[in-house]
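This is what each chain is made of:
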Amino acid sequence: MRHCLLLLFTAFAALARPKPYEGRVLVAITAHADDFSIFAGGTIAKLIDEGYTGYLIRVTDDEKDGVLTAEENSRRNGREVLDAAKILGIKEVFSLNLKNDEIDPYTETELREKLILLFRKLKPYTIITFDPWAAYEENPDHLKTAKAVEDACWTSGVHLFHPEQLRAGLKPHYLVERYYWARGPHVVNKVVDISSTIDRKIAAVKSHGGMIRDAETLIELREANKQLGEMNKMGYAEMFHFIGLGSPDGYVLKNARPK
Amino acid sequence: MRAALFLLAAALHAKSVVVVSPHGDDFILYAGGTIAKMAKAGDDVYLVRVTNDEKHGTKVPMEEARVRARAEVDAAAKILGIREVVHLNFKDGELDPLSETELRTRFIQVFRTFKPDTVITSDPYTRYDDNFDHQKVGRAVEDARWTGNNNKFHPEMNRAGVAPHGVKSIYYWSRGDHDINHRVDIKDVQDQKQQALAAMPLLVPRKPTATEETFHYWQGSGLQGPYVEWYRQQLASGKPYAAPKGPALRANAADMKGKTLVIVSPHADDFSIFAGGTIAMMAKAGCTIYMIRGTNDEKDSYLLSPAETVSRNAAEVEDAARTAGIKEVITLGYKNDELDPVSHTEIRGRLIMLFRLLKPDAVMTYDPWSLYEENPDHVKFARATAEAAWAAGNDRFNSEHFVMGLKPHTVRERYYFMRGPSDINRVFDISAVIDQKLRTVRSHKTMNHATALHLKDKLIVAGLRLPLLDKEDPATINKMIDIMILEAAEARGKQYGLKYAEEFHYENYE
Numbered sequence: 001m002r003h004c005l006l007l008l009f010t011a012f013a014a015l016a017r018p019k020p021y022e023g024r025v026l027v028a029i030t031a032h033a034d035d036f037s038i039f040a041g042g043t044i045a046k047l048i049d050e051g052y053t054g055y056l057i058r059v060t061d062d063e064k065d066g067v068l069t070a071e072e073n074s075r076r077n078g079r080e081v082l083d084a085a086k087i088l089g090i091k092e093v094f095s096l097n098l099k100n101d102e103i104d105p106y107t108e109t110e111l112r113e114k115l116i117l118l119f120r121k122l123k124p125y126t127i128i129t130f131d132p133w134a135a136y137e138e139n140p141d142h143l144k145t146a147k148a149v150e151d152a153c154w155t156s157g158v159h160l161f162h163p164e165q166l167r168a169g170l171k172p173h174y175l176v177e178r179y180y181w182a183r184g185p186h187v188v189n190k191v192v193d194i195s196s197t198i199d200r201k202i203a204a205v206k207s208h209g210g211m212i213r214d215a216e217t218l219i220e221l222r223e224a225n226k227q228l229g230e231m232n233k234m235g236y237a238e239m240f241h242f243i244g245l246g247s248p249d250g251y252v253l254k255n256a257r258p259k
Numbered sequence: 001m002r003a004a005l006f007l008l009a010a011a012l013h014a015k016s017v018v019v020v021s022p023h024g025d026d027f028i029l030y031a032g033g034t035i036a037k038m039a040k041a042g043d044d045v046y047l048v049r050v051t052n053d054e055k056h057g058t059k060v061p062m063e064e065a066r067v068r069a070r071a072e073v074d075a076a077a078k079i080l081g082i083r084e085v086v087h088l089n090f091k092d093g094e095l096d097p098l099s100e101t102e103l104r105t106r107f108i109q110v111f112r113t114f115k116p117d118t119v120i121t122s123d124p125y126t127r128y129d130d131n132f133d134h135q136k137v138g139r140a141v142e143d144a145r146w147t148g149n150n151n152k153f154h155p156e157m158n159r160a161g162v163a164p165h166g167v168k169s170i171y172y173w174s175r176g177d178h179d180i181n182h183r184v185d186i187k188d189v190q191d192q193k194q195q196a197l198a199a200m201p202l203l204v205p206r207k208p209t210a211t212e213e214t215f216h217y218w219q220g221s222g223l224q225g226p227y228v229e230w231y232r233q234q235l236a237s238g239k240p241y242a243a244p245k246g247p248a249l250r251a252n253a254a255d256m257k258g259k260t261l262v263i264v265s266p267h268a269d270d271f272s273i274f275a276g277g278t279i280a281m282m283a284k285a286g287c288t289i290y291m292i293r294g295t296n297d298e299k300d301s302y303l304l305s306p307a308e309t310v311s312r313n314a315a316e317v318e319d320a321a322r323t324a325g326i327k328e329v330i331t332l333g334y335k336n337d338e339l340d341p342v343s344h345t346e347i348r349g350r351l352i353m354l355f356r357l358l359k360p361d362a363v364m365t366y367d368p369w370s371l372y373e374e375n376p377d378h379v380k381f382a383r384a385t386a387e388a389a390w391a392a393g394n395d396r397f398n399s400e401h402f403v404m405g406l407k408p409h410t411v412r413e414r415y416y417f418m419r420g421p422s423d424i425n426r427v428f429d430i431s432a433v434i435d436q437k438l439r440t441v442r443s444h445k446t447m448n449h450a451t452a453l454h455l456k457d458k459l460i461v462a463g464l465r466l467p468l469l470d471k472e473d474p475a476t477i478n479k480m481i482d483i484m485i486l487e488a489a490e491a492r493g494k495q496y497g498l499k500y501a502e503e504f505h506y507e508n509y510e
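These protein sequences, in sequence, are chains X and B.
Residue numbering for the first sequence follows my numbering, starting at 1 and increasing by one per position.
Residue numbering for the second sequence follows my numbering, starting at 1 and increasing by one per position.
Hints are not guaranteed to be accurate.
Claimed, not checked - Here are the simulated lysine-lysine pairs, DSS-like style, with alpha carbons at most 30 angstroms apart:
1) B/Lys91 - X/Lys190
2) B/Lys458 - X/Lys91
3) B/Lys456 - X/Lys121
4) B/Lys471 - X/Lys123
5) B/Lys152 - X/Lys19
6) X/Lys91 - X/Lys19
7) X/Lys19 - X/Lys99
8) X/Lys147 - B/Lys458
9) X/Lys86 - B/Lys152
10) B/Lys479 - X/Lys259
11) B/Lys494 - B/Lys257
12) X/Lys171 - X/Lys19
13) X/Lys254 - B/Lys458
14) B/Lys494 - X/Lys19
15) B/Lys471 - X/Lys114
16) B/Lys494 - X/Lys190
17) B/Lys152 - X/Lys147
18) B/Lys91 - X/Lys147
19) B/Lys471 - X/Lys259
20) B/Lys499 - X/Lys114
21) X/Lys259 - X/Lys91
22) X/Lys254 - B/Lys479
23) B/Lys458 - X/Lys190
Said to hold, decoys possible - Derived list of chain X stretches under chain B, where covered just means 3 residues or more per stretch with a C-beta under 8 angstroms from a C-beta of chain B:
24) 133 to 141
25) 164 to 170
26) 226 to 233
No lab work stands behind these hints: they were computed from the structure.
Don't be surprised by glycine CBs; every beta carbon is placed ideally from N, CA and C.
Based on the provided sequences and hints, a complete structural model is requested.
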């Protein structure tokens with residue numbers, strides 16, 4: 001119920017704001033049900049407020065995170081991710097259902113193929129996921145997901161990758177921007193002010209009740225986002241390694257004109 | 001300081017300690033003193049030796065080496081006060097085909113059995129350590145540390161009465177660059193470490209066969225001063241890597257006069273884009289240069305068929321190599337951009353053969369430790385090259401080559417080029433050969449056409465257009481590629497007061 005009120009409030013608040021990114025698509029790729037909301041929930045909600053249409057790709061089946069049996073964990077976490085996505089304004093969730101914490105034997109090529117297909121179908125302008133180059137990332141699901149995404153970002157634009165998808169009606173697609181989040185040290189070059197979306201972010205994280213079982217986590221997360229914000233003269237913030245079209249001083253961006 | 005003392009005390013009074021050593025010599029070189037101190041303080045120290053060490057020693061048959069290595073590890077472990085050694089006996093230097101999940105299972109079993117408070121092993125985040133067994137073991141240990149404490153992992157162990165167990169702290173050693181935040185003074189147990197080393201004539205040979213590095217350990221000093229062992233304690237400082245090195249040195253291509261260079265270029269155009277100028281200068285200086293091209297480049301074209309793409313790129317790489325002054329191109333022909341299922345050991349074996357055949361003084365390829373490298377082919381070939389450079393000199397690797405009359409050959413010098421952040425320590429001034437570099441890159445007509453038109457596609461998604469690319473004729477493509485190459489060479493040169501430059505990470509194992 002509280003979520004409904006929050007959504008209603010959000011809808012009005014969003015109507016009042018300008019939407020500079022109308023028509024753009026955001027795809028978040030999360031290894032587990034809760035990663036995207038914890039590390040980037042505020043930024044995702046903000047981009048959606050600003051006009052993006054948001055989608056979520058969830059890679060694993062989350063069978064090992066929770067106090068229930070593997071089967072029940074998977075079912076509960078799979079339902080809760082839909083709630084979290086809804087709160088952030090995400091339109092649809094695609095679950096790839098790879099085996100949680102046993103992702104190693106899947107080849108990167110195989111995971112990449114699934115991502116290329118979805119990128120070509122959803123046509124993202126921006127993706128957001130784990131940083132494949134962060135240090136001290138001890139969860140192999142995070143790393144493998146990040147590496148496959150990084151690889152899919154450029155291969156989805158090339159016609160020689162998976163021509164069978166082209167035969168089925170998809171077209172090669174290049175995406176423009178990447179946001180990488182991390183829990184270990186990485187090269188941070190973008191801090192996003194999430195003051196307008198922090199409440200929804202925390203609500204989204206809270207909805208992963210099967211995975212976030214300690215109320216303290218929510219308080220700590222809010223505090224961490226607040227501290228990062230203060231360090232950057234913002235209310236609340238999230239940080240990323242960002243890759244866009246390249247240096248603004250380079251030939252390409254200096255000479256490019258609106259289409 | 002007090003925190004450091006506390007850490008030391010906590011580490012030294014742990015009740016149970018598991019040391020995971022990729023090879024039979026790693027635990028003693030990097031942690032022998034620490035282990036002796038812990039055992040002396042009353043801790044139960046257990047050793048897990050992962051590989052069978054069959055590649056150690058020269059002149060000793062491989063089967064004999066395995067038996068002797070095991071006995072040496074048992075003897076050294078006894079001297080250090082280790083209670084028990086578990087020999088996992090995986091194949092030395094060939095851990096790659098093993099899934100991480102399987103290796104992790106072994107470690108989970110060990111952790112749940114010995115219930116360690118502290119684990120000591122090799123740092124998976126180290127850079128410029130070119131033995132990838134170390135990385136694989138470190139990574140699986142890191143993963144086992146937390147998965148071992150979760151009852152969702154391996155319910156069959158729960159059924160057998162082996163309960164989940166949480167490891168409290170973990171210490172990582174490394175011989176490469178890593179974030180050292182914990183040092184252990186081993187002066188008082190140095191004699192014990194020396195005795196244990198003396199029990200390992202095969203695994204840690206004395207001079208003259210010992211490497212300079214091993215000699216340091218004999219002397220009680222390592223890379224971090226005398227009588228000290230050094231670690232990264234998990235996440236303690238949160239810095240990604242060790243302190244930066246000194247400024248990059250200006251390098252001279254004439255150093256390569258009379259020498260042989262082998263370039264390992266995963267794709268047809270990698271060498272021209274990142275090192276075309278340096279290669280041209282080395283060739284001019286009298287260096288003999290060969291190039292191994294890793295893949296068949298079947299996916300780099302704009303709207304051509306795979307067959308057409310392969311044949312055009314194969315012809316154009318010959319033009320580029322000739323323009324740069326390369327003597328011969330040898331193509332391995334791996335499937336472009338689908339290298340993931342190919343084993344690292346297989347690629348390394350083919351490179352070892354060619355290194356033994358061509359006997360290069362130096363190899364050149366991508367930096368295996370550069371960050372934000374989005375092409376997995378680059379990383380895979382870079383790692384295989386780094387390992388093949390030393391493994392080619394060890395007669396235990398790919399001994400079938402000797403039937404052809406080849407001999408072991410170590411490649412001493414390595415030049416690594418990069419497109420992401422990396423530890424740059426060599427810079428070449430390529431201003432004098434910049435035109436030759438541009439001509440070399442222009443040879444890759446099919447790839448350049450794809451680069452330009454893919455950029456155009458991407459700009460369209462961003463709602464932009466580049467007037468230069470309104471035309472798509474060869475002259476326009478060349479102009480676009482020239483701009484990109486000059487811009488990169490200028491940006492690299494600017495940092496050193498040069499007009500145009502190329503940058504490398506260089507290593508020399510004299």
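Comparing the hints with the structure gives:
no.: 1; hint: B/Lys91 - X/Lys190; in the structure: 44 angstroms, violated
no.: 2; hint: B/Lys458 - X/Lys91; in the structure: 25 angstroms, holds
no.: 3; hint: B/Lys456 - X/Lys121; in the structure: 20 angstroms, holds
no.: 4; hint: B/Lys471 - X/Lys123; in the structure: 26 angstroms, holds
no.: 5; hint: B/Lys152 - X/Lys19; in the structure: 45 angstroms, violated
no.: 6; hint: X/Lys91 - X/Lys19; in the structure: 17 angstroms, holds
no.: 7; hint: X/Lys19 - X/Lys99; in the structure: 38 angstroms, violated
no.: 8; hint: X/Lys147 - B/Lys458; in the structure: 21 angstroms, holds
no.: 9; hint: X/Lys86 - B/Lys152; in the structure: 28 angstroms, holds
no.: 10; hint: B/Lys479 - X/Lys259; in the structure: 21 angstroms, holds
no.: 11; hint: B/Lys494 - B/Lys257; in the structure: 27 angstroms, holds
no.: 12; hint: X/Lys171 - X/Lys19; in the structure: 27 angstroms, holds
no.: 13; hint: X/Lys254 - B/Lys458; in the structure: 16 angstroms, holds
no.: 14; hint: B/Lys494 - X/Lys19; in the structure: 41 angstroms, violated
no.: 15; hint: B/Lys471 - X/Lys114; in the structure: 35 angstroms, violated
no.: 16; hint: B/Lys494 - X/Lys190; in the structure: 25 angstroms, holds
no.: 17; hint: B/Lys152 - X/Lys147; in the structure: 26 angstroms, holds
no.: 18; hint: B/Lys91 - X/Lys147; in the structure: 27 angstroms, holds
no.: 19; hint: B/Lys471 - X/Lys259; in the structure: 15 angstroms, holds
no.: 20; hint: B/Lys499 - X/Lys114; in the structure: 45 angstroms, violated
no.: 21; hint: X/Lys259 - X/Lys91; in the structure: 28 angstroms, holds
no.: 22; hint: X/Lys254 - B/Lys479; in the structure: 16 angstroms, holds
no.: 23; hint: B/Lys458 - X/Lys190; in the structure: 22 angstroms, holds
no.: 24; hint: 133 to 141; in the structure: holds (count 6)
no.: 25; hint: 164 to 170; in the structure: violated (count 0)
no.: 26; hint: 226 to 233; in the structure: violated (count 0)
Of the hints listed earlier, those the structure fails to meet are numbers 1, 5, 7, 14, 15, 20, 25, 26, in rising order.
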